[in-house]
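In terms of my numbering, the sequence shown has 606 at position 43, counting the first letter as 1, and numbering is strictly consecutive.
To be clear, the hints were calculated from the coordinates, so they are not data collected in a lab.
Careful: at least some of the hints might be erroneous.
Label-pair restraints from in silico Cβ distances [to be verified]:
no., residue 1, residue 2, range
1, Asn723, Glu647, 30 to 38 Å
2, Gly608, Pro640, 48 to 56 Å
3, Met639, Phe676, 24 to 32 Å
Using N, Cα and C, we set each Cβ at its ideal position, and we do this for glycine too.
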Amino acid sequence: MQYITDIMAQYGYLVIVLSLCLGILAAPIPLEAVMGYAGVMSYQGDLNTFGSIFASATGTTLAMFITYGIGYKLGMPFFERYGERIHLGPARIQQISNWFNRHGNYLIVIIYFIPGIRHFTGYFAGITRMKFPVFALYSFFGSFLWVTPFVIGGKALGPNWEGFYQWMHEHVVLGSTSFILAIVLFYLIKKYRIHIVGYLNKSFVFFKSRVKVYISVVSTFVLVAGLIIYMIMAK
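Using the sequences plus the hints, can you model the full thing?
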């Protein structure tokens, strides 16, 4: 921790911008740790809180613009020729294009919170020719939404940030998996809502009472939530 804060104290916001930019470009940099330590520096009075947030968001957005440009420049011809080798042939790219056309604006914001996936957002947006002003707007908004909690958390925890970060790092896989499952569940409910409503109507007839159905649904939710909490506490 001392090594990181010493570098930040010497070079200030430039370190934050470059670290976030290179991290999004796939350099092995612990982005959440950098943002948290920026908050610690704010706690110590060496950096300004808003300046740290702005520098983090700027570095992140800059990387998104770079990856967008690379994806836009390579485009479909590159993937038509080499895409099958990395499981990104024309059919898959078209599928991704349709996916972004339907949900892209919101996904740009959400994907920031998913490690291992956010790095590819700009590439796909460029490949699928998403309008740059739209991409830029949602990228900048999403970056602020993502970086702010880490910087504020680092400032609030101060010297205790390092211990919290280690705990958070241990549970990031479980948290990310739960988040992705929640998105998938929402998508399935939205796509098959007609079938779900039909099933529930049949359930109402079977149970003769909506209250029993509600109790069954709530009990299932409590059971699943309890299992997740147990998994976390058992770590």
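Checked hints:
{"no.": "1", "hint": "Asn723 - Glu647: 30 to 38 Å", "in the structure": "violated, 50 Å"}
{"no.": "2", "hint": "Gly608 - Pro640: 48 to 56 Å", "in the structure": "holds, 53 Å"}
{"no.": "3", "hint": "Met639 - Phe676: 24 to 32 Å", "in the structure": "holds, 29 Å"}
Hint check: a violation occurs at hint 1 only; the rest are consistent with the structure.
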